[in-house]
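Protein sequences appear in the order of chains H, S, C and F. Quick note on numbering: the first sequence equals residues 1 to 276 in the working numbering. Quick note on numbering: the second sequence equals residues 1 to 276 in the working numbering. Quick note on numbering: the third sequence equals residues 1 to 276 in the working numbering. Quick note on numbering: the fourth sequence equals residues 1 to 276 in the working numbering.
Just so you know, nobody snuck in bad clues.
The list treats identical chains as interchangeable, and a pair is accepted whether it falls inside one copy or across any two copies.
Okay, derived cross-link-like pairs now, DSS-like style, lysine-lysine, Cα gap no bigger than 30 Å in a straight line:
1. 204 to 135
2. 235 to 71
3. 135 to 154
4. 154 to 126
5. 235 to 3
In case anyone wonders, no lab produced these hints; they're calculated from the structure.
As a plain string of letters, each chain reads:
Number of protein chains: 4
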Amino acid sequence: MSKLDNLLNDLVIANRILANEDVVDAYGHVSVRHPDDPSRFFLARSLAPEFITRGDIMEFTLDGAPVGTDKRAPYLERFIHGGIFEARPEVVAVVHAHAEDILPFGLTNGTPLRPVIHSGSFIGAKVPIWDIADKFGDTNLLVANVEQGQDLAKCLGQNNIALMRGHGFAAAARSLIEVVRMSVYLPRNARALWRARQLGGFVKYLSQGEIDARNRGYSPYSVETWRAWHYWATKAGVGDMVTRPDAPVAVSKAPAKKAKAAKKPAAKKATKGRRK
Amino acid sequence: MSKLDNLLNDLVIANRILANEDVVDAYGHVSVRHPDDPSRFFLARSLAPEFITRGDIMEFTLDGAPVGTDKRAPYLERFIHGGIFEARPEVVAVVHAHAEDILPFGLTNGTPLRPVIHSGSFIGAKVPIWDIADKFGDTNLLVANVEQGQDLAKCLGQNNIALMRGHGFAAAARSLIEVVRMSVYLPRNARALWRARQLGGFVKYLSQGEIDARNRGYSPYSVETWRAWHYWATKAGVGDMVTRPDAPVAVSKAPAKKAKAAKKPAAKKATKGRRK
Amino acid sequence: MSKLDNLLNDLVIANRILANEDVVDAYGHVSVRHPDDPSRFFLARSLAPEFITRGDIMEFTLDGAPVGTDKRAPYLERFIHGGIFEARPEVVAVVHAHAEDILPFGLTNGTPLRPVIHSGSFIGAKVPIWDIADKFGDTNLLVANVEQGQDLAKCLGQNNIALMRGHGFAAAARSLIEVVRMSVYLPRNARALWRARQLGGFVKYLSQGEIDARNRGYSPYSVETWRAWHYWATKAGVGDMVTRPDAPVAVSKAPAKKAKAAKKPAAKKATKGRRK
Amino acid sequence: MSKLDNLLNDLVIANRILANEDVVDAYGHVSVRHPDDPSRFFLARSLAPEFITRGDIMEFTLDGAPVGTDKRAPYLERFIHGGIFEARPEVVAVVHAHAEDILPFGLTNGTPLRPVIHSGSFIGAKVPIWDIADKFGDTNLLVANVEQGQDLAKCLGQNNIALMRGHGFAAAARSLIEVVRMSVYLPRNARALWRARQLGGFVKYLSQGEIDARNRGYSPYSVETWRAWHYWATKAGVGDMVTRPDAPVAVSKAPAKKAKAAKKPAAKKATKGRRK
Numbered sequence: 001m002s003k004l005d006n007l008l009n010d011l012v013i014a015n016r017i018l019a020n021e022d023v024v025d026a027y028g029h030v031s032v033r034h035p036d037d038p039s040r041f042f043l044a045r046s047l048a049p050e051f052i053t054r055g056d057i058m059e060f061t062l063d064g065a066p067v068g069t070d071k072r073a074p075y076l077e078r079f080i081h082g083g084i085f086e087a088r089p090e091v092v093a094v095v096h097a098h099a100e101d102i103l104p105f106g107l108t109n110g111t112p113l114r115p116v117i118h119s120g121s122f123i124g125a126k127v128p129i130w131d132i133a134d135k136f137g138d139t140n141l142l143v144a145n146v147e148q149g150q151d152l153a154k155c156l157g158q159n160n161i162a163l164m165r166g167h168g169f170a171a172a173a174r175s176l177i178e179v180v181r182m183s184v185y186l187p188r189n190a191r192a193l194w195r196a197r198q199l200g201g202f203v204k205y206l207s208q209g210e211i212d213a214r215n216r217g218y219s220p221y222s223v224e225t226w227r228a229w230h231y232w233a234t235k236a237g238v239g240d241m242v243t244r245p246d247a248p249v250a251v252s253k254a255p256a257k258k259a260k261a262a263k264k265p266a267a268k269k270a271t272k273g274r275r276k
Numbered sequence: 001m002s003k004l005d006n007l008l009n010d011l012v013i014a015n016r017i018l019a020n021e022d023v024v025d026a027y028g029h030v031s032v033r034h035p036d037d038p039s040r041f042f043l044a045r046s047l048a049p050e051f052i053t054r055g056d057i058m059e060f061t062l063d064g065a066p067v068g069t070d071k072r073a074p075y076l077e078r079f080i081h082g083g084i085f086e087a088r089p090e091v092v093a094v095v096h097a098h099a100e101d102i103l104p105f106g107l108t109n110g111t112p113l114r115p116v117i118h119s120g121s122f123i124g125a126k127v128p129i130w131d132i133a134d135k136f137g138d139t140n141l142l143v144a145n146v147e148q149g150q151d152l153a154k155c156l157g158q159n160n161i162a163l164m165r166g167h168g169f170a171a172a173a174r175s176l177i178e179v180v181r182m183s184v185y186l187p188r189n190a191r192a193l194w195r196a197r198q199l200g201g202f203v204k205y206l207s208q209g210e211i212d213a214r215n216r217g218y219s220p221y222s223v224e225t226w227r228a229w230h231y232w233a234t235k236a237g238v239g240d241m242v243t244r245p246d247a248p249v250a251v252s253k254a255p256a257k258k259a260k261a262a263k264k265p266a267a268k269k270a271t272k273g274r275r276k
Numbered sequence: 001m002s003k004l005d006n007l008l009n010d011l012v013i014a015n016r017i018l019a020n021e022d023v024v025d026a027y028g029h030v031s032v033r034h035p036d037d038p039s040r041f042f043l044a045r046s047l048a049p050e051f052i053t054r055g056d057i058m059e060f061t062l063d064g065a066p067v068g069t070d071k072r073a074p075y076l077e078r079f080i081h082g083g084i085f086e087a088r089p090e091v092v093a094v095v096h097a098h099a100e101d102i103l104p105f106g107l108t109n110g111t112p113l114r115p116v117i118h119s120g121s122f123i124g125a126k127v128p129i130w131d132i133a134d135k136f137g138d139t140n141l142l143v144a145n146v147e148q149g150q151d152l153a154k155c156l157g158q159n160n161i162a163l164m165r166g167h168g169f170a171a172a173a174r175s176l177i178e179v180v181r182m183s184v185y186l187p188r189n190a191r192a193l194w195r196a197r198q199l200g201g202f203v204k205y206l207s208q209g210e211i212d213a214r215n216r217g218y219s220p221y222s223v224e225t226w227r228a229w230h231y232w233a234t235k236a237g238v239g240d241m242v243t244r245p246d247a248p249v250a251v252s253k254a255p256a257k258k259a260k261a262a263k264k265p266a267a268k269k270a271t272k273g274r275r276k
Numbered sequence: 001m002s003k004l005d006n007l008l009n010d011l012v013i014a015n016r017i018l019a020n021e022d023v024v025d026a027y028g029h030v031s032v033r034h035p036d037d038p039s040r041f042f043l044a045r046s047l048a049p050e051f052i053t054r055g056d057i058m059e060f061t062l063d064g065a066p067v068g069t070d071k072r073a074p075y076l077e078r079f080i081h082g083g084i085f086e087a088r089p090e091v092v093a094v095v096h097a098h099a100e101d102i103l104p105f106g107l108t109n110g111t112p113l114r115p116v117i118h119s120g121s122f123i124g125a126k127v128p129i130w131d132i133a134d135k136f137g138d139t140n141l142l143v144a145n146v147e148q149g150q151d152l153a154k155c156l157g158q159n160n161i162a163l164m165r166g167h168g169f170a171a172a173a174r175s176l177i178e179v180v181r182m183s184v185y186l187p188r189n190a191r192a193l194w195r196a197r198q199l200g201g202f203v204k205y206l207s208q209g210e211i212d213a214r215n216r217g218y219s220p221y222s223v224e225t226w227r228a229w230h231y232w233a234t235k236a237g238v239g240d241m242v243t244r245p246d247a248p249v250a251v252s253k254a255p256a257k258k259a260k261a262a263k264k265p266a267a268k269k270a271t272k273g274r275r276k
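With these hints in hand, go ahead and build the complete structure from the sequences.
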């Protein structure tokens, strides 16, 4: 498979995982930026993520217009993806979803959604709440045009996640694997925080230092990250679509090293190379 | 399929979706008004919705009497449907169910059930609570005759949903697809509100303007609405029963137009025509 | 099938339903009194209810001793069943289980477990909490002998359900169908009450008159009751074991009559007759 | 099967049960000490527990180093297992997992996690919370070296479970069956306590005497314990891997005796002998 084929294959897997992990249902979507043309991105046509195959993927420019003569119905809210890809050149993948357990945190400012569990660290220290009404007044709450997508991206800023009041969330990440991971653990972190609050006493959040340490150590193709991707894909029935590294994975007795390696672009490239 | 066949086919699908989405279990039911005779409606015989096929559907007059010589056991609470169809000529479909997560809101007036999430907007700004004891004193709580059905319909008024204290809810809508959608998202809206309340602070409900905007934009056969119907039906094992539009759906770059079109009867008819 | 065969067949179905509805897991059990000898009852050997077949059922005297030379390992807590059958001659079936969502109500007296939803009415107006420590001090909490079973039965009194502190519940009913129904709806009633309490305001319980009205109208072989039994059995994979009434069920336009009929033993017998 | 083969077979079963019971997902692991060499233990290679087969099991020394030339990628957090096996010579099996419902109790000191239900007694009267930040400052929260594993073991002390702040828990037990049981019932105990707290009033915990009584009566191969192991394994799809006692199990009319027998090593050995 070519690099692009591989990416679109992973986009199908991402759709299936998000459906199987109850992050999306009939609604919600995941996109990936074109690896060779940063002004374009890939996103499925208007279809429930659980049913998406390679043939359902469309290509868009950042203003949400389909590339070429593709006449299939796109997702109405593709402007979320375009807006974020435009504002954040380093972002490679975007998810928008309505995962139920995060909704309460977008309805009230009583308890800010912040990381409390290690797997939730990737949502970042701050999760802003975007309220479409602030700028656009009474709407149907959907991000239905370029201007609304840009406004959401502005609220997101340099954060990884923005909650959308009464609606859902948008997540931006450096890879498809990362954005899926973030989207799966975001509701878990929300539930842990919600319940901890009910137990009384002082809730201890992850410190900024802990969030930073986890972020530094993150690598999309580490053994640990790959384990979850493979697990989720298999549970979602697309385990056979997962392209595994073809080189044997060495036993690492010094996990600290791995974290450093992940920060070097060269090392990242090498890891990717193993996947073809 | 004829128009009527199509409708009864959709009634079977509606039953299966409600069962699969945990809105009904052995109890609860969905009805549709006869398209050619507003004084009649269709409702299955006394059977768990998960098992219902075309042959299980009976026809009733608005007083809950079976049409013709049908001797099969009907649902005891068919008077809910008759009462609402009688009081609300524009209503096409009715659901009665005991979906667990809405029950708490019918037991206490501590937190009114109102829309907080965009998919919950269709329940309407006000959800009255009907208490059968107010007029009928100590009963078994079931709506077991015409008078009780009429009293429930009176409490429902021009709203879309009425909670029934200690029992469940009744929903009335303009189409089967809409009443199913409302019934699926009602419990989700209830859970989001229940949890938000526990997070402390001020809970922001949808504004009246937002509810109105969503309602204006709603079309039972839009690409977005259809997506959920098809998704739910497929998950419920009756995806093959779904009659799809046979014309290709054009890519709409101006979603605002769609909302307007949906308000024109002609456009609606055209959409329906595609389904045969 | 003989009357006894039929009853033991239903006991197998009851086991499977309770397992599938998450009332029991590896632990918990259901028994039925011998129809011809009130001093004996049937209960499976020590096996998870999900696996139980006709051959796994043992016969016991009220002191928990196996009848005859049956050397198979019985449930340790069979004394719960013996104790209740001894104290309550009219009781035909008993369930003991640890259904998770009722446990909190046995741990605190902060909110008494009482019926709030119509399907919960059968638990009765009062649900006492039995604390084994009150009489037996520090034990392993299991009802491991005749004396403990009798003490639990004494606490149960004329009620339908007793919670067992830190352990679970015991339910006593007039038929297998009823005890299963009660065991399935008990946790649902508990959840509705637990959540309603969190919504603030005054929680409205079922009135004594409503509980009585529902109890009067109950018939184990009514169309409505049968519907749930058939539904649960089918979901549990034993739908084919259900022995259905072989006479066609007439359309009843006067449901009130049914309630009265159910109170006449003759009517009940006639209904049973239809099942062979 | 040899004794060792049997143990590794049980380790595979333990992995599958923990996955199926939602104690672990892609992350979390279970280990068992080498029966003939207390300085070694068995733990799978880095793979989701749901996929683990006999061939995936690796052997480690207590410092987390793979035995021999095994180059496969191990779990990063194997130091949890090594640390506990080193500090607690009587411990035979260890679990580390992130079971969601225990997480809140590690985030706040508002409600200590203690046994409230009989099946939760095995977690022990005291469950300390280990905060990696206390000694190691800002880390990625993972137990990534020998020193961190030893510090966790020190906090665990002579208890059965330690919560790990913002991360999960570690459990130590006398057998694989016991550590699995503890890990399955720990979240259930947590949920019961969390909900009881919301019902208001005074929550009654198990007394020390009750915890002791249950512990004295525990035997890993009793009929009751075996029932759950067999049940969980079957639900996890590995029921055929369970090696059952080949001698018929006698009907015990004196359950008190069983508890005593379990304390005698000879009796325990005899029970084990039946398993080959």
